[in-house]
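These are the residues of each chain, in order.
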Amino acid sequence: MIAEHAIILAVVLPLLAAPLCILLGRGFLSWIAASASVWTSFGLALHLLNRVLHEGTIRYALGGWEAPVGIEYRLDAAGALVMTVVTAIASIVLPYSYTSVRREIDEHKHHWFYACLLLCFSGLLGITVAGDAFNIFVFLEISSLSTYVLVSMGRDRRALTAAFKYLIIGTVGATFYLLGVGFMYQMTGTLNIEDLSQRLLAMSGDGVTPVYETTTIRAALSFLTVGISLKVALFPLHVWLPNVYAYAPSVVSAFLSATATKVAILIFLRVFYTIDGKAIPFEALPLAQTLVPFAVAGAVVASFIAVYQRDVKRLLAYSSIAQVGYMICGIGLATAAGLESGLLHLFNHALMKGTLFLAIGCVVYRVGQTRLELLRGVGREMPFTAASIVIGGASLIGVPLTAGFVSKWALLTAVLAEGRWVIAVLVIVSSLIAVVYVAQILHVMLIRKRPVGSERLREAPLWMVVPTFLLALSNLWYGVVDGRAADAARAAAAALIEEVAR
Amino acid sequence: MDYLGLFNYWVFIVLMMCGFYMLLSARNLVKKVIGLNLFQTSVFVFYISTGKVDGGAVPIATDGVDVYSNPLPHVLILTAIVVGVASTALGLALILRIKDEYGSIEEDEVDLQDALS
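Sequences listed follow chains A and B, in order. Numbering-wise, our numbering puts 1698 at position 485 of the first sequence, and it's gapless, one number per residue. Numbering-wise, our numbering puts 212 at position 94 of the second sequence, and it's gapless, one number per residue.
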């Protein structure tokens, strides 16, 4: 019976645990509640992923009302993959958060912090399972609103302005999405994404043009594309991201960088593959010509900007924008191989950026600073943190034997299979720039010496180092040993492409 | 083309662009939030106007009425309004905190203080 309802339990448990955290009112108790619900969701997500890979898409009719009249939850392989990423990262971040949050956030706000984190978490999970376009909007706003609160809890006052700008831009993005969905609803009379994909094929009112060729649907697609791009932080709509990641509490930076943009990318897949895939072949939309150039330009430009950052968290934020470029590039190719590489990079980027932000959080715990020049020689005295940064950085560049290499290689192969040499060259160029900025961090932290007379640092507390180091090792694990992530990405890509072909 | 028959769209487009212009151009943070609010509300107006069916009655089952207006957009917008209220409230709360920390709610002054620090 539990198995049957697993899909909704995974989303609802954290949603219920959030008010519980506030009622408990104490940091420690709410941390326990949050951990318990996040780990349960992780278990359920693994179970669901396994089932989806073996049995295909899972459907769940809310309250027993069948779609398209009722609201349907629908988990396909791509959704299950993203769900696993989100829950896995949350399960690693939570044990870490207790110590880190005690250092970075005032005592009386702790239970609010965990409540918001859980709300954000359940919003993100909701997007992965939602089978209807309006529900995606609602969950998107649940996660975004709680994200703004989480960001504003940063110690620096610039966190407030960052959160405010993010609120303005994020709400504009979500409203664009809402408007796009409204246009689609107006033309088809349905919100269920599978039903939408069918009804787009029908004839429109004039009896000559099919619905998907009408100007309204074109307009809807433009609004959806711009709206989601704002949430994905696709270059050049990325301006909100650097300050948000730079000034948010360490835990929040790690959690957001590994999950929020990934889930937004899933919405991209929903719109372009699940909804439009059948009616409008990807090639017929100018998306391959518009998305891919922006994605690749973002990969190069953002990497370049990252080199000049003096704050290590801002540097990593710009690198995130570049990495999002790789994912969108893979998805924009609209081939099975491209899609697979995009999804695989989505998984791997969560591992590497999660590792790096958690490791920087360990440094912040001891040093209290993120300016590169003040971190001289820190790595020499915090060996495990330094090792995590080395592994995460290598994975970010795409050094062989790391997870980053696997997905970047897949992306290059997919790009070359399409014969798009220019893009392949630009991807390599941006990876080379990544070498420069990662080397900068490592040079400052490992090779340069601590300022004379500075106090000797100790390694960060165990509760922080262990999750960080485990996540770092997972970069090697998925780079060398375990091919299951790649298999899941392949299955997800195949399922999405199949939807298009049907 | 019957442009006047589409007046509900004109209303929503004009409102939407007013709001959008306001949130882009206003330097005062509260004005930005008002612009954002207008921007969101215009989309609500659009949704609600699409629910109207010509000659349709209020969507409450009554004897002798065959054509009803479509109630679904209204229900959707109820949810969206809640979301809109939440973002406005959060935006204003953030402005309060910004005022506490920076002593100003003019974007230029806040940015200047950030640039100097």
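There could be a bad hint or two in this list.
[Claimed, not checked] Derived pair list, reagent style BS3-like, types lysine-lysine, alpha-carbon separation capped at 25 angstroms: (1) Lys-1378(A) - Lys-149(B); (2) Lys-217(B) - Lys-1378(A); (3) Lys-1322(A) - Lys-217(B).
To be clear, the hints were calculated from the coordinates, so they are not data collected in a lab.
Okay, the hints, checked on the actual structure:
no. : hint                     : in the structure
1   : Lys-1378(A) - Lys-149(B) : 13 angstroms, holds
2   : Lys-217(B) - Lys-1378(A) : 15 angstroms, holds
3   : Lys-1322(A) - Lys-217(B) : 20 angstroms, holds
In terms of the numbered hints stated before, the structure departs from none.
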